[in-house]
Amino acid sequence: MLTINYMPSTSHWIVPPIIMGILVILLFVMSIQRFIKTKKENQPFIQLKNKRFFEENWDKLKLFGTLVLFILYIFAMDVLGFLIASIVFIFLFNVLFAGVMQLEEIPKAFKEKTYFKNEGFCSVCISLLIAIIFSVGIWFLFGEVFSITLP
Amino acid sequence: MIEFGLLQLIMAVLGVGVGIIFGALPGMTATMAIAIFLPLTYAYDLNTSLFLLLGLYVGGISGGLIPAILLNIPGTPSSITTGFDGFPMAKRGEAEKALKIGITASLIGGMFSLAALCLFTPPLAKLAIQFSAVEKFLIILFALTVIAALSKGNMTRGIFAGFLGVLVSLIGAFADNNHLRMVPDFLKVELRSGFQLLPVLIGLFALTQIFQEAETGMKVSKATYDLNNNDKSKRFSIKDFKGQGINLIRSSAIGTFMGILPGVGGSAASLLSYSQAKNFSKEPEKLGTGAVEGLVASESANNGLTGGALIPLLSLGIPGDSTTAVLVGAFMLQGIQVGPLFITNNRGTWYTILFALAICNIIMFITMFYPIKHIAKVIKLPKNRIYPVIILMCVVGAYAIRNGNMFDVWTLLLFGVIGYIFSKINIPSAPFLIGFILGRDLEKYFVDSIKGSGGSLACFFTRPIGWGIWALIIASILFAVFDNRKARRQQA
Chain H
-5 MLTINYMPST
5 SHWIVPPIIM
15 GILVILLFVM
25 SIQRFIKTKK
35 ENQPFIQLKN
45 KRFFEENWDK
55 LKLFGTLVLF
65 ILYIFAMDVL
75 GFLIASIVFI
85 FLFNVLFAGV
95 MQLEEIPKAF
105 KEKTYFKNEG
115 FCSVCISLLI
125 AIIFSVGIWF
135 LFGEVFSITL
145 P
Chain S
-3 MIEFGLLQLI
7 MAVLGVGVGI
17 IFGALPGMTA
27 TMAIAIFLPL
37 TYAYDLNTSL
47 FLLLGLYVGG
57 ISGGLIPAIL
67 LNIPGTPSSI
77 TTGFDGFPMA
87 KRGEAEKALK
97 IGITASLIGG
107 MFSLAALCLF
117 TPPLAKLAIQ
127 FSAVEKFLII
137 LFALTVIAAL
147 SKGNMTRGIF
157 AGFLGVLVSL
167 IGAFADNNHL
177 RMVPDFLKVE
187 LRSGFQLLPV
197 LIGLFALTQI
207 FQEAETGMKV
217 SKATYDLNNN
227 DKSKRFSIKD
237 FKGQGINLIR
247 SSAIGTFMGI
257 LPGVGGSAAS
267 LLSYSQAKNF
277 SKEPEKLGTG
287 AVEGLVASES
297 ANNGLTGGAL
307 IPLLSLGIPG
317 DSTTAVLVGA
327 FMLQGIQVGP
337 LFITNNRGTW
347 YTILFALAIC
357 NIIMFITMFY
367 PIKHIAKVIK
377 LPKNRIYPVI
387 ILMCVVGAYA
397 IRNGNMFDVW
407 TLLLFGVIGY
417 IFSKINIPSA
427 PFLIGFILGR
437 DLEKYFVDSI
447 KGSGGSLACF
457 FTRPIGWGIW
467 ALIIASILFA
477 VFDNRKARRQ
487 QA
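First to last, the sequence lines map onto chains H and S.
Just so you know, our numbering puts 128 at position 134 of the first sequence, and the rest follows in order with no gaps.
Just so you know, our numbering puts 348 at position 352 of the second sequence, and the rest follows in order with no gaps.
Keep in mind that the hints were calculated from the coordinates and are not lab data.
Since this is a predicted model, take the numbers as computed values, not measurements.
Fair warning: there could be bad hints in the mix.
BS3-like mimics (lysine-lysine), calculated; alpha carbons at most 27 Å apart, straight line [claimed, not checked]: (1) Lys230(S) <-> Lys184(S); (2) Lys31(H) <-> Lys420(S); (3) Lys235(S) <-> Lys278(S); (4) Lys31(H) <-> Lys43(H); (5) Lys482(S) <-> Lys31(H); (6) Lys482(S) <-> Lys34(H); (7) Lys54(H) <-> Lys215(S); (8) Lys420(S) <-> Lys34(H); (9) Lys43(H) <-> Lys420(S); (10) Lys215(S) <-> Lys102(H); (11) Lys96(S) <-> Lys33(H); (12) Lys122(S) <-> Lys274(S); (13) Lys440(S) <-> Lys184(S); (14) Lys87(S) <-> Lys373(S); (15) Lys96(S) <-> Lys379(S); (16) Lys111(H) <-> Lys373(S); (17) Lys96(S) <-> Lys369(S); (18) Lys420(S) <-> Lys54(H); (19) Lys228(S) <-> Lys282(S); (20) Lys43(H) <-> Lys33(H); (21) Lys369(S) <-> Lys45(H); (22) Lys379(S) <-> Lys54(H); (23) Lys282(S) <-> Lys238(S); (24) Lys45(H) <-> Lys373(S); (25) Lys440(S) <-> Lys96(S); (26) Lys31(H) <-> Lys45(H); (27) Lys111(H) <-> Lys379(S); (28) Lys87(S) <-> Lys184(S); (29) Lys482(S) <-> Lys238(S); (30) Lys45(H) <-> Lys33(H); (31) Lys111(H) <-> Lys376(S); (32) Lys33(H) <-> Lys420(S); (33) Lys376(S) <-> Lys54(H); (34) Lys274(S) <-> Lys111(H); (35) Lys440(S) <-> Lys122(S).
Hey, can you work out the whole structure from these sequences and the hints?
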């Protein structure tokens, strides 16, 4: 029967190599499975031609915008503090998710003095309201009432 | 023994209410709801928090039936078969009746699973107390093989995800000798205790979903449905359940059993009970055309899951599904270890769980059954306005876990991106999370076992209880291989 040489000083490296070994075996098994499948279907093993990572007509602006805004939000919390950074970035997330086209309507609403009759203007106002109400609400509830550490 | 007052009632109502909203909005799940509401529990003791968390769980599972019936879009994966018969009923003007049948079946399924939880957890925990490190290791290994067995047609990927989760959980210092492994030099301080569970699970289950929705443009669906009906014959009556007794018990039992198996989602419970209802039906051809039978099977099974998934968690420390995996986070936050000694050491909490689950099911029934016409409007909530608030909650939850550590917010983002990539390459996130939760214990019990045997691996094959668990492991692998082949043949 197999034995493992147990030494306290190196015991932290007993299990990780075993798990890595299992993962390599599983990757090998998956490759074999794919090889058999592609051979049966008479297709190449690596097929990049019709492969798409993103959905059809994927929204580049919203996906990468979300990622970039999130990264900037983390940095901003260090610089501006939780409350101000949250109001700014939750507003920006709202504008991004509801459609940045609404921003184009703002100058028009001011020029024509239509304000709340203008859909884009209303949408931006809702974004701002949500950002302020929820940021202040969560800051107050968690930070002040429950004394939970906030950035 | 059970502390229940106005605060706990408010928590339960809040939990069920928010859970229903999350369940009713496609893309949002009970897991997501619990993950982002965990920070709210920092301020309360575990017993009070349980009313909120179990409320979110029950509400989140139950809310999924609303869009499934009204729009034929399952709100949660567990209501996948609800629309098969619910939507045709809604189309012929029986929407309210279908919703009320679903809600009643949900209550019965929930209560059935509660009884199972009450009956099976203490004896299972008693048996598990006799386990040595060897059996504990084997039980975790069994949990990982069951994940593979039930990743239908996707066995290797399921088990790969589970072991990858184990590997990621090992990053950081090993408790026995305090030595670091797999940690880059510049992250020695931040990763000393590894990645924290809460940011990992919020990232995997909340942020990933937001990235997926952002990719598809976060479109707001213009939901239209009709819940007004003056025809008395098309209204709900308790007579609609006539002849459904066996179906109710069978489906609730299937849901509960599927909940006990680690890594199995509600969708599997719902699909299995639906197919069984069809197999046993006197008129199988009617299922899928608006039959009460199909609706009852789906809804009683997915709520049966709730109590079932808590059984392995509270007796063995192994989460039954991704939602109960999140509950592990809640117990950890309060410094409570779930496992064989949980009931013995935390009798008050154990009774609170049973009571809270019962109360939450009743609140779910009351809040959904009578005002269903108004509750159904939640499916019209614009998700693009909710997601920014969820991002805010995610950040607060991740940051506060270690009393303010920005590295945990980066962890949240990292695992949000990893979860998104997983979804693209068909690696399931639930087995990864379960592997991540169990990884450290798996290592501890393995090392303890070989320490006790002087390094010999024979220790894993010498004890009778161990043989029993080996038999289960082999059976689950064989089942996995045959089931996988069958699924592939069906796909072909």
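Here's how the hints hold up against the structure:
1. Lys230(S) <-> Lys184(S): Distance ~66 Å between Lys230(S) and Lys184(S) Cα, so the pair is violated.
2. Lys31(H) <-> Lys420(S): 20 Å, holds
3. Lys235(S) <-> Lys278(S): Between Lys235(S) and Lys278(S) the Cα gap is close to 18 Å, so the pair holds against 27 Å.
4. Lys31(H) <-> Lys43(H): 18 Å, holds
5. Lys482(S) <-> Lys31(H): 15 Å, holds
6. Lys482(S) <-> Lys34(H): Within the cut-off at roughly 17 Å; holds.
7. Lys54(H) <-> Lys215(S): 14 Å, holds
8. Lys420(S) <-> Lys34(H): 24 Å, holds
9. Lys43(H) <-> Lys420(S): 16 Å, holds
10. Lys215(S) <-> Lys102(H): Given that 27 Å is the threshold and the Cα spacing comes to 25 Å, the pair holds.
11. Lys96(S) <-> Lys33(H): Roughly 51 Å separates the two Cα atoms, so the pair is violated.
12. Lys122(S) <-> Lys274(S): 38 Å, violated
13. Lys440(S) <-> Lys184(S): Holds, at about 22 Å.
14. Lys87(S) <-> Lys373(S): 17 Å, holds
15. Lys96(S) <-> Lys379(S): Distance ~25 Å between Lys96(S) and Lys379(S) Cα, so the pair holds.
16. Lys111(H) <-> Lys373(S): Measuring from Cα to Cα gives roughly 25 Å; hence the hint holds.
17. Lys96(S) <-> Lys369(S): Holds, at roughly 10 Å.
18. Lys420(S) <-> Lys54(H): Given pair Lys420(S), Lys54(H) holds - Cα atoms ~16 Å apart, limit 27 Å.
19. Lys228(S) <-> Lys282(S): 23 Å, holds
20. Lys43(H) <-> Lys33(H): 17 Å, holds
21. Lys369(S) <-> Lys45(H): 44 Å, violated
22. Lys379(S) <-> Lys54(H): 19 Å, holds
23. Lys282(S) <-> Lys238(S): 16 Å, holds
24. Lys45(H) <-> Lys373(S): Between Lys45(H) and Lys373(S) the Cα gap is close to 39 Å, so the pair fails against 27 Å, i.e. violated.
25. Lys440(S) <-> Lys96(S): 49 Å, violated
26. Lys31(H) <-> Lys45(H): 16 Å, holds
27. Lys111(H) <-> Lys379(S): 23 Å, holds
28. Lys87(S) <-> Lys184(S): 60 Å, violated
29. Lys482(S) <-> Lys238(S): Answer violated: Lys482(S) to Lys238(S) is near 36 Å, above 27 Å.
30. Lys45(H) <-> Lys33(H): 18 Å, holds
31. Lys111(H) <-> Lys376(S): Since the Cα atoms of Lys111(H) and Lys376(S) sit roughly 22 Å apart, the hinted pair holds (cutoff 27 Å).
32. Lys33(H) <-> Lys420(S): 23 Å, holds
33. Lys376(S) <-> Lys54(H): 26 Å, holds
34. Lys274(S) <-> Lys111(H): 54 Å, violated
35. Lys440(S) <-> Lys122(S): 21 Å, holds
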